[in-house]
Amino acid sequence: MKHNPYAAIPATVENIIAETSNITTFTFRPEEPIPFKAGQFIELSIPGLGEAPFTPSSSPAVKETMDVTIMRVGAVTEQIHALTKGAQVGIRGPLGQPYPLDKFKGREILIVGGGVGLAPLRALFFALVEEKDLYKKIIIRYGARSPGDIVYRKAVSAAWGNPQVDLLLSVDKGDETWKGNIGVVTTILENNKLSVNIRNSVAVVCGPPVMMKFATIKLLERGYSPDSIYLSMEKNMSCGIGKCGHCRIGPFYACKDGPVFTYDRIKDEPRIWD
Amino acid sequence: MVKQLKQGRTINALIEFISTGYRIFALQKTDSTYHLVAASKWDGNRNTLGPYRPVEPLKSIMLPPRQGVGQLLQDEQPAPFTPIAAIGVKNCDLASLKIHDYVFRDSEPADPYYKEIRDNTLIISCDCSRPCDVCFCTAVGDQPYAQSGFDINISPLPGNKFIIESGSEKGKNLLDSCNDLLEEAGQDAIKARDAARQAVYKSVADQAAVKGLDNNKNYQKAVADSMESDLWEKFAEDCVECGACNFVCCTCHCFLLADGRSDTDTPARIKQWDSCLYKNFARVAGGANPRKFRAERLYNRFDKKFNFFPQVLHSYACDGCGRCIEACTGKIDIRDVLRKALDEA
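Protein chains in written order, with the working numbering: chain A, 1 to 274; chain B, 1 to 345.
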C-alpha cells in the first residue's frame, strides 16, 4: 500500500488469455510486488478513465506477476478488455480480508464456483494446494452457462486434474461435445454428486448473486451451518479502504471487513443477494 | 484555567490576536442566515460568532466538496495546508468531527488529505446563544455548547461578556500569550455561563419535545425495528433524490472516487461528495443494485446514521443541526421520520 491510499502502483499488461467470449485473464506485472493472500482484492485502474475492484486469480505464492480474470460487463471492464500487451494500468491493494486458512486446516474444503466467480476461488485453490497436507480434502463444484463459458479450461484439465481433488463441472445448457452434468450448480451439490463430511467441512462460494443464493440454500439444506459457508459479496467497493461508504452491508463494509463473509454474519441484512 | 476579558478589552481584539497568522473561516450574517465564509483575517465589522450554526457544515473545510487526491500513478502526498482558524464553530459541527476523525484519520489507512487539513485547523468554538428553529441537538444526546474537541471555546454571556477556555495544548499556549487581554474568570461569571448554557439547552429541548423527541429515545432500536414499516415508502414519496440532505449534513462522509484528466492532461483522481439517495450509489457493474428503490435508500440513510455508527463507534451520526430539514426540497423533516420510526418500532 502506498502512503497515499488513493494512489496506485503502476503495472503493465504482460499477457492476455481469452477464456470465453466475454471473459479474459490478464497477467499484470506491477512495478513493485503486491503480496496478497487468497480472498483479498485489488482496485484496477486505467489512468484517467476509471477503476474497478477484482480479486486476483493467480497463486498468492507468485509475487512478480498477478493474474486477474475479468468479465466484460460495464464501462471500466469494456476499457480493460481493449488493453493490449505492454499497456499501463494502476493497481491498489491488496485490500480486504483473506480467507481464514487457519480455520480451514484439517477440514474438507468444498469450493463452489459459478461463471467468472471461479476467479478468486482459483487463487484459493492454489493456496490450498501449496499446503495440501494441511487440508483433508479439496472438492470443487463448478457451474457455467455452457461449455463455452467454462473458464481456465487448461487448468481444469491439467493442474486441477490432481487425484487429491474431487472436481465436478456442470453446465446449464450442454452441446454436442458435452458429456458431463447438465443443470445449475446446485444439481452437483446433491447427495449423489457430492460426498462430503459436512460436520468437518467448510464451503467457499463465489459466483453471480443468484447462484450464491441458491447454492447457500442448498448447502444449508445439506447441513452446513451458516458459519461454515463463506460467500464473496459483490458490492460497489470503490475506495477499498472503508471510507467512501458505497459497499456497506449492515455493520460492515464489504471492502474492509470482506469481501468474503460467512453467511451467519450477513444473513439478516436486507437484499444481500442483489 | 477559565478566563474572561479584562476590563475594557473586546472579544474582537481577542479573536484578532489569537487568529493572527491564520487564514480564517468564520460566520458572516447574510439577511437572516449565517454563512461559513473564508477570509484572510477576522474582521469584527463583518464577522460574528453567531447565535447558532451557519448554513454550511464544518466538514466543508476538512472534506472539500471536490478535492484532487493525486495523479493515481504517483505516490503524492497532499500539498502542505496553510493553517486556518475555524471561528465560531458550534457544538453540532464540532461533534460531527468524531465521525470524520473515525473514518478518515483513525481507521487505517488514514486519508492524508483529511489529516493534513484537520491537523492544521485551529478550532475556536462558541456556545450557542439561541437555537434556530430546526435545532434538536439535545434530542440526540448532544448539547448546544462544546465540552471537548476545541482548541479554544468562547461562551457569550449577557451584557457583552465572555468566558474563554482552552481545550488543547495549542489552545492553552495561545491563551497564555494573551495576558494583556485575559484574566482569570470569577465564580460569578462561571455561574452565569452555566446558567446561560442551561437556558439554551432548555430552549432546544423544548422545541425538540414539540416534535416528540428527547434524549431518552432509542433511535437505534427504532430505526432497526422499523425496517419493514411502510413509513419509509411514505416519506420517500416526497424525496426527489437531490442529495441536499447529504451535502449539508455535518456528519455525512460518503464520497465518489472519480478518475479524469487534469488541466495539463495528466491522469487526475478526485474525491467528491456523494449521496446515498442517488439511485446508482450502491449499484455494481452488470446492474445489480441492493437499493433499487428510493424507500430503501432513504432507510439506508437513517440506518447508517442511527444503526451503523452506534455499532462501530457507539455514537449516532446525527448531531441535531437540522440542516437537512432546511435543505430538503421535499420538506422531509428528520424529526418527523424519527418520531414515526419510534411509533412504528
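It should be emphasised that the hints constitute simulated quantities derived from the structure, not laboratory data. What you are looking at is a predicted structure, and each value in this text was computed from that prediction instead of being measured. Cβ coordinates follow ideal geometry from the N, Cα and C atoms, glycine included. Fair warning: there could be bad hints in the mix.
[Said to hold, decoys possible] If you want a taste of the chain B side facing chain A, the calculated C-beta under 10 Å gives, among others:
| # | residue |
| --- | --- |
| 1 | E16 |
| 2 | T20 |
| 3 | Y22 |
| 4 | E76 |
| 5 | A79 |
| 6 | F81 |
| 7 | I117 |
| 8 | G149 |
| 9 | H253 |
| 10 | L257 |
| 11 | R283 |
| 12 | A288 |
| 13 | E296 |
| 14 | S315 |
[Stated by the list, open to error] Between beta-carbon pairs, the in silico distance windows are:
| # | chain 1 | residue 1 | chain 2 | residue 2 | range |
| --- | --- | --- | --- | --- | --- |
| 15 | B | L313 | A | A75 | 32 to 38 Å |
| 16 | A | P270 | B | D75 | 51 to 57 Å |
| 17 | A | I198 | B | E326 | 46 to 52 Å |
| 18 | B | Q272 | A | H3 | 19 to 25 Å |
| 19 | A | Q88 | B | E326 | 57 to 63 Å |
[Unchecked claim] Reference excerpt, derived from the structure (chain B facing chain A, CB under 7 Å, subset only):
| # | residue |
| --- | --- |
| 20 | G68 |
| 21 | L72 |
| 22 | E116 |
| 23 | F255 |
| 24 | R261 |
| 25 | D263 |
Status of the hint placing R261 of chain B at chain A (closest C-beta pair under 7 Å): Check passed: Cβ of R261 of chain B comes within 5 Å of chain A, closer than 7 Å.
Taking the closest Cβ pair, is F255 of chain B under 7 Å from chain A? holds, 5 Å
Are F81 of chain B and chain A close enough, Cβ to Cβ, to be under 10 Å, as the hint says? violated, 15 Å
Double-check H253 of chain B for me: the hint is only fine if its C-beta lies closer than 10 Å to a C-beta in chain A. holds, 7 Å
Taking the least C-beta to C-beta distance, is R283 of chain B closer than 10 Å to chain A? Since the shortest Cβ distance to chain A is 6 Å, the answer is holds.
Please check whether G68 of chain B passes as an interface residue: C-beta within 7 Å of a C-beta belonging to chain A. violated, 10 Å
Does G149 of chain B pass the interface check with chain A, least Cβ-Cβ distance below 10 Å? violated, 21 Å
Restraint satisfaction for L72 of chain B [CB to CB of chain A, less than 7 Å]: holds, 5 Å
Does the interface hint hold: is E296 of chain B within less than 10 Å of chain A, judged Cβ to Cβ? holds, 7 Å
Using 10 Å as the Cβ threshold, decide whether I117 of chain B counts as touching chain A. Result: violated, 15 Å to nearest chain A Cβ.
Is it true that the C-beta distance of L313 of chain B to A75 of chain A lies inside 32 to 38 Å, as the hint says? holds, 34 Å
Minimum beta-carbon distance criterion (10 Å), T20 of chain B to chain A: Result: violated, 33 Å to nearest chain A Cβ.
Figure legend: structure checked against the earlier numbered hints; hints not met, in rising order: 1, 2, 3, 5, 6, 7, 8, 14, 16, 17, 19, 20, 22, 25.
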